[in-house]
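> These are the residues of each chain, in order.
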Amino acid sequence: MFSSTEIESFKNVWVFCEQRNGEMMPTTFELISEGRKLADELGVELCGILLGDNVDGIAPELGKYGADKVYVYNSPLLKVFTTDAYAKVIADAVETFKPEILLFGASTIGRDLAPRCAARLHTGLCADCTHLDIDLQNYQNFLREASTLPEERIERTKSVRLAGADHSVARDLKMTRPAFGGHLMASIICPRFRPAMATVRPGVMKKRENPRTAELIHPEFDLKPSDIKTEVVEVVKAAKKLVDLIGADCIVSVGRGISKDVEKGLALAEELAAELGGVVGASRACVDAGWIGADHQVGQTGKTVHPKLYIALGISGAIQHKAGMQESECIIAVNKNETAPIFECADYGIVGDLFKVVPELIESIRAAKAAK
Amino acid sequence: MKIFVTVKQVPDTSGTVAVNPDGTLDRASMQTIINPDDMNAVEAALTLKDELGCKVIAFTMGPPPAEGMLRELMAMGVDEGVLITAREFGGSDTYATSQIIAAAIDTYGVEPEDIILAGRQAIDGDTAQVGPQIAEKLHLPQVTYAGEIKKDGNTLTVKRILEDGYMTVKVQTPCMITCIKELNKPRYMNIAGIFECYRKDVVTMTYETLKDHPLIDKSTIGLAGSPTNILTSFTPPQKGAGMMLSGDGRETTDKLAGILAGKHII
Chain R
10 MFSSTEIESF
20 KNVWVFCEQR
30 NGEMMPTTFE
40 LISEGRKLAD
50 ELGVELCGIL
60 LGDNVDGIAP
70 ELGKYGADKV
80 YVYNSPLLKV
90 FTTDAYAKVI
100 ADAVETFKPE
110 ILLFGASTIG
120 RDLAPRCAAR
130 LHTGLCADCT
140 HLDIDLQNYQ
150 NFLREASTLP
160 EERIERTKSV
170 RLAGADHSVA
180 RDLKMTRPAF
190 GGHLMASIIC
200 PRFRPAMATV
210 RPGVMKKREN
220 PRTAELIHPE
230 FDLKPSDIKT
240 EVVEVVKAAK
250 KLVDLIGADC
260 IVSVGRGISK
270 DVEKGLALAE
280 ELAAELGGVV
290 GASRACVDAG
300 WIGADHQVGQ
310 TGKTVHPKLY
320 IALGISGAIQ
330 HKAGMQESEC
340 IIAVNKNETA
350 PIFECADYGI
360 VGDLFKVVPE
370 LIESIRAAKA
380 AK
Chain P
544 MKIFVTVKQV
554 PDTSGTVAVN
564 PDGTLDRASM
574 QTIINPDDMN
584 AVEAALTLKD
594 ELGCKVIAFT
604 MGPPPAEGML
614 RELMAMGVDE
624 GVLITAREFG
634 GSDTYATSQI
644 IAAAIDTYGV
654 EPEDIILAGR
664 QAIDGDTAQV
674 GPQIAEKLHL
684 PQVTYAGEIK
694 KDGNTLTVKR
704 ILEDGYMTVK
714 VQTPCMITCI
724 KELNKPRYMN
734 IAGIFECYRK
744 DVVTMTYETL
754 KDHPLIDKST
764 IGLAGSPTNI
774 LTSFTPPQKG
784 AGMMLSGDGR
794 ETTDKLAGIL
804 AGKHII
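The listed protein sequences correspond, in order, to chains R and P.
Heads up: the first sequence begins at 10 in my numbering, then just goes up one per residue.
Heads up: the second sequence begins at 544 in my numbering, then just goes up one per residue.
Keep in mind the hints are simulated off the structure, nothing from the lab.
Every value quoted in this text rests on a predicted model; they were computed, and no experiment measured them.
The beta carbon of each residue, even a glycine, is placed where N, CA and C say it ideally should be.
No incorrect hints appear here.
Which stretches of chain R does chain P cover? Using the computed rule of at least three CB atoms under 8 Å from a CB of chain P, they are:
| # | segment |
| --- | --- |
| 1 | 129-142 |
| 2 | 150-158 |
| 3 | 190-199 |
Estimated spans, in silico, between C-beta atoms of each pair:
| # | chain 1 | residue 1 | chain 2 | residue 2 | range |
| --- | --- | --- | --- | --- | --- |
| 4 | R | G52 | P | H756 | 41 to 49 Å |
| 5 | R | E240 | P | N733 | 34 to 42 Å |
| 6 | R | A174 | P | G611 | 36 to 44 Å |
| 7 | R | T14 | P | P757 | 13 to 21 Å |
| 8 | R | F11 | P | A561 | 42 to 50 Å |
| 9 | P | G805 | R | N150 | 27 to 35 Å |
| 10 | R | V271 | P | V746 | 43 to 51 Å |
Isolated chain R, as found in the complex (with noise of 0.2 Å):
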């Protein structure tokens, strides 16, 4: 009989690997990058676990960025994502082969699929992860550089009060998120039941290549067309060429302040992103207003990014979009206003009139790739 709360009995790092149309979804890679990390700080095997019908062939790619094993399930019931198929082979899979860890890719999918198998399995899920360590070093040096908090509490995070007695986290997966909007962070364990579940938010953790010959495991699995309660009539491709966000070195944002000429400020947005090699990003405020599409859109509710160089014209920087793009290396603001909270995480700022600055500055920056 399977119980969550016997923790001794759970062993190895897993990470879903999720495909779409036999393809391998990229945060997959960053996941089993970060997975190696962690099997690597508990000393034990990372292992993938692969839903599909007839996805043999891009399992070995996983091996490249340090997956010990994949564990694939084939079935033509496996092929589109059910939350009823996918939950019941991912359930019994943890039921049979005990995992400590499991991750999921917080995507539409993912986000679907991880609390149905949490609530089965009676363990805790953390949503939409930025940041995991098991390593409690790694961990206190992680909240001394991201943190303001005193040296004291920081010190106290080794351990927990639970039902009257200390708990050491040492072996705990510790998984930090923004909440409230990105206004907090908070660290989550699961320290009672096994596996401590996370959904990863997509675009954060690295891609690392640690490569080695994944072992593929096909266990036997039970699966009716019963089983599945929901049926996919079609599953449709946006038929525009959605930007991506996450994979760009340099994203151009357009905010509130192109209201005054919305077609104008996109242009200039795209004009300049082109100079750069980069894409056009934008704020919620921009998406709502129906100027550009949901794909675009940088901030809490959109993609987290973190380019070489982000360049934000007329945002004015709520703390949503900050905590979408603070981490881009080199930030560049425009905006009229001198008081703007963008400026307060800007490189370099420029108070001015977007319209105005935008065509000197593509100007300027045609002037200095050609001195170069």
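Starting from the known structure of chain R, arrange chain P on it as the hints suggest.
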């Protein structure tokens, strides 16, 4: 046929957010609002009610003042409100919360034609976990990220919005659907509704009401029954302000381009 809608009162994080010295949120100083995605769920329920004349019941878990939010929803057209409130329920994480709300909905009674609607996620935690976990606890199928819902008999056809497109999913009642803002535009309260909402019922479900339900056990509810614990919370440090360039003319942009070129950014 009934439609259950789960709603949550949340601090308005779009305004000023006050943080206590110990890193927790100063909730007392903040305005509360009805969670935005939940408003889309309420609107979806009321749209179905307009069409089919079914009963809409809003469920919320929270402190007693959340009753005010239920009255607001009744002024929009919701027929009945259920306030789930007890000290024993405090400190619940998503697992424990879904356990309690599922028990409350089950106590009210789910029939074959019923639908449960929830917002995709709440803006305080942004977890998107409670909807699917309620569905799991009630053994109901779920469709999340609904951008369109059509009903034909006991079959719902839902457009589930993905990052790179959408999928169309058919599901039978009873089921759980989580709603996103693209689904609809929530209606306002109406004058008649505002008068009438005080004549409608708010049912309170406490620990006493629910304690005999199989899902309710001291080990699965509240802070002690939550699988997750908060190790610490903190505010991220502000990145030091950078260099403000004076002027908005060509000299300024030339200077900036020069800096970027010097740093090999361009």
